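Enquirer: Could you build all of it, start to finish, from the sequences and the hints given here?
There are 2 protein chains.
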Amino acid sequence: MKTTVMPEPSKRRLVLLGRLLSTYKEKTITSQKIQELTGWTAAAIRRDIAMLDLHCGASNGYKVPELKEALQALVCTVSDKQKCCIIGLNRMGQVLLDNNELYDSPFKIVAGFDSNVNRTEVLQSSFPLHPTTLLESIIKSEGIQYAILTADGEEAQSLAARLAQCGIKGIVNYTSCVLTLPKSVSVENVCLLTALENLSAGNNS
Amino acid sequence: MKTTVMPEPSKRRLVLLGRLLSTYKEKTITSQKIQELTGWTAAAIRRDIAMLDLHCGASNGYKVPELKEALQALVCTVSDKQKCCIIGLNRMGQVLLDNNELYDSPFKIVAGFDSNVNRTEVLQSSFPLHPTTLLESIIKSEGIQYAILTADGEEAQSLAARLAQCGIKGIVNYTSCVLTLPKSVSVENVCLLTALENLSAGNNS
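Residue numbers (numbering that gives the first Met the number 0), protein chains in the order written: chain A, 0 to 204; chain B, 0 to 204.
These are calculated hints, taken from the structure and not from any lab test.
A portion of the hints provided could be inaccurate.
[To be verified] Dumping the calculated PhoX-like pairs for lysine-lysine here, alpha-carbon to alpha-carbon at most 25 Å:
id: 1; chain 1: A; residue 1: K67; chain 2: A; residue 2: K82
id: 2; chain 1: B; residue 1: K32; chain 2: A; residue 2: K182
id: 3; chain 1: B; residue 1: K168; chain 2: A; residue 2: K32
id: 4; chain 1: A; residue 1: K82; chain 2: A; residue 2: K62
id: 5; chain 1: A; residue 1: K67; chain 2: A; residue 2: K26
id: 6; chain 1: A; residue 1: K32; chain 2: A; residue 2: K80
id: 7; chain 1: A; residue 1: K80; chain 2: A; residue 2: K139
id: 8; chain 1: A; residue 1: K32; chain 2: B; residue 2: K62
id: 9; chain 1: B; residue 1: K62; chain 2: B; residue 2: K32
id: 10; chain 1: B; residue 1: K107; chain 2: B; residue 2: K139
id: 11; chain 1: A; residue 1: K168; chain 2: B; residue 2: K32
id: 12; chain 1: B; residue 1: K168; chain 2: B; residue 2: K182
[What the hints assert, rightly or not] A partial selection of chain A residues facing chain B, derived with a Cβ cut-off under 7 Å:
id: 13; residue: L15
id: 14; residue: L19
id: 15; residue: E65
id: 16; residue: A69
id: 17; residue: L73
id: 18; residue: R90
id: 19; residue: Y102
id: 20; residue: S104
id: 21; residue: V171
id: 22; residue: S175
id: 23; residue: S185
id: 24; residue: A194
id: 25; residue: L195
id: 26; residue: N197
id: 27; residue: L198
id: 28; residue: A200
Note that the structure is predicted; figures quoted are calculated from it, not measured.
For glycine and all other residues, C-beta sits at the position ideal for the given N, C-alpha and C.
Expert: Written out as structure tokens, the structure is:
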């Protein structure tokens, strides 16, 4: 990847473009075609793609295999799967336990945590479930990089602070809590209320 | 709200600031304090807030009640709750059925839909569940503005297109499908894979 810092909206568009191309059947794709499929302007798409390390011309459209490869490199530069854990095995956490969405992705969930030992002992999962007292030791020993936080309200901030302290790089936040974290930890807020508020704020403007 | 178009990152920060202030106990808050709590720079926060219709000075910090009110107006300018529906009553949809996160918010879920009539007949819910054949008529008769899309993969795009046709303003997309929609419909992509990819793309740069 080039060393220029990529603006957040460009990064988000390119991540979605990578997803779109994963099921795209043609050999080439033009910025105009991407505009039709996504609603982003062709000019914005060309600027975004110009920020990638792409060595193919675009006179008759981008070559899909090379574009896909450059987009994959944006998300993941290592060949090993990036390890994730789920924090909070309430109903939302349990849905994510069985989620097969990450199959064939650069990510793999390798552990689940809950402060309720009944849950960690009773729930079925393809990876080990632990009490949250073991958070620090398991994250370090497994080399876990990302956490999926579904813990219930009041616990969210204290768990997030502990995750930051053991070197987690990013948190997918399913709680409605606004997390206070050091700069070293990125957060993606995906709770339903935040999503609806973002939609609504856009529609009032 | 002022008539200038608000940049997307500003809108997202202000939405989260509104959430943060909903549990904030002090009477005033400075941009420096917001920086400590969120990690955004105080300068960015001041620029964001300057885009709101706010009639209070900021020499010793913003007055929290007035700031909260301006942030609420950003999300919702009407006093009635904005109506939402859930499309897809698979396990994720079922978790959202019982979600109390929207209690005390400007949003209310008033209907659920699934193409599997067993689900719509058997599942318990505080609002009516319908077969997806009734999507258009119920959305119009109820005046539903936002849809929460949790339908399984292949159905997602065709359901989204139907939602757009009956005048839905925005879709919270829990599927990993990249939706192709007219400009009139906003989308918030909140699937786990997109969230992890956004985190990871940020960390590679």
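Enquirer: All hints are to be evaluated individually against the structure, with a verdict given for each.
Expert: Here is what the structure says about each hint:
1. Restraint check for K67 of chain A and K82 of chain A: the C-alpha separation of about 22 Å stays at or below 25 Å, so the hint holds.
2. Simply put, K32 of chain B and K182 of chain A have alpha-carbon atoms about 15 Å apart, close enough for the 25 Å limit, and the pair holds.
3. Pair hint K168 of chain B plus K32 of chain A holds up; C-alpha atoms about 24 Å apart against a cutoff of 25 Å.
4. Distance check on the hinted pair: K82 of chain A and K62 of chain A sit about 31 Å apart at the alpha-carbon level, beyond 25 Å; violated.
5. Taking the CA atoms of K67 of chain A and K26 of chain A, the gap is near 11 Å; set against the 25 Å cutoff, the hint holds.
6. Distance hint between K32 of chain A and K80 of chain A is unfulfilled; the C-alpha atoms sit about 31 Å from each other, more than 25 Å.
7. With a C-alpha separation of about 16 Å, the suggested pairing of K80 of chain A with K139 of chain A holds against the 25 Å cut-off.
8. Of the pairs offered as hints, the one joining K32 of chain A and K62 of chain B is violated, with about 48 Å between alpha carbons and a cut-off of 25 Å exceeded.
9. Of the supplied pair hints, the one linking K62 of chain B and K32 of chain B holds, its CA atoms being roughly 13 Å apart against a limit of 25 Å.
10. Using a Cα cut-off of 25 Å, the hinted pair K107 of chain B and K139 of chain B holds, with the two alpha carbons roughly 16 Å apart.
11. Distance hint between K168 of chain A and K32 of chain B is fulfilled; the C-alpha atoms sit about 24 Å from each other, no more than 25 Å.
12. Restraint check for K168 of chain B and K182 of chain B: satisfied, since their Cα atoms lie roughly 10 Å apart, inside the 25 Å limit.
13. Because the smallest distance between the Cβ of L15 of chain A and any Cβ of chain B comes to about 5 Å, under 7 Å, the interface hint for this residue holds.
14. Using the Cβ-Cβ criterion of 7 Å, the hint placing L19 of chain A at the interface with chain B is satisfied: the shortest such distance is roughly 4 Å.
15. Hint on E65 of chain A is violated. Least Cβ distance to chain B is approximately 18 Å, over the 7 Å limit.
16. The interface hint given for A69 of chain A is broken, as the beta carbon of that residue sits about 12 Å from the closest beta carbon of chain B, more than 7 Å.
17. With a least beta-carbon distance of about 5 Å to chain B, the hint placing L73 of chain A at the interface is held under the 7 Å criterion.
18. At about 5 Å, the closest approach between the beta carbon of R90 of chain A and any beta carbon in chain B falls short of 7 Å, and the interface hint on this residue holds.
19. Violation of the interface hint for Y102 of chain A is found here, the shortest Cβ-Cβ separation to chain B being roughly 10 Å, above the 7 Å cut-off.
20. A cut of 7 Å between beta carbons decides the hint on S104 of chain A: the least distance to chain B is about 6 Å, and the hint holds.
21. Of the supplied interface hints, the one on V171 of chain A holds, with its beta-carbon coming within about 4 Å of a beta-carbon of chain B, less than 7 Å.
22. For the restraint placing S175 of chain A at the interface with chain B, the shortest Cβ-Cβ distance is roughly 6 Å, inside the 7 Å limit, so the hint holds.
23. Interface restraint check for S185 of chain A: the shortest CB-CB distance to chain B comes to about 5 Å, inside 7 Å, so the restraint holds.
24. Here the hint on A194 of chain A is kept, as its CB sits about 4 Å from the closest CB of chain B, short of 7 Å.
25. Because the closest C-beta pair between L195 of chain A and chain B is about 5 Å apart, less than 7 Å, the hint holds.
26. Against a cut-off of 7 Å between C-beta atoms, the interface hint on N197 of chain A holds, since the closest Cβ of chain B lies about 5 Å away.
27. For L198 of chain A, the shortest C-beta to C-beta distance to chain B is roughly 3 Å, which falls under 7 Å, so the interface hint holds.
28. Annotation: interface hint on A200 of chain A holds; nearest CB of chain B at approximately 5 Å, less than 7 Å.
The structure fails to meet hints 4, 6, 8, 15, 16, 19 from the earlier list, while all remaining hints are met.
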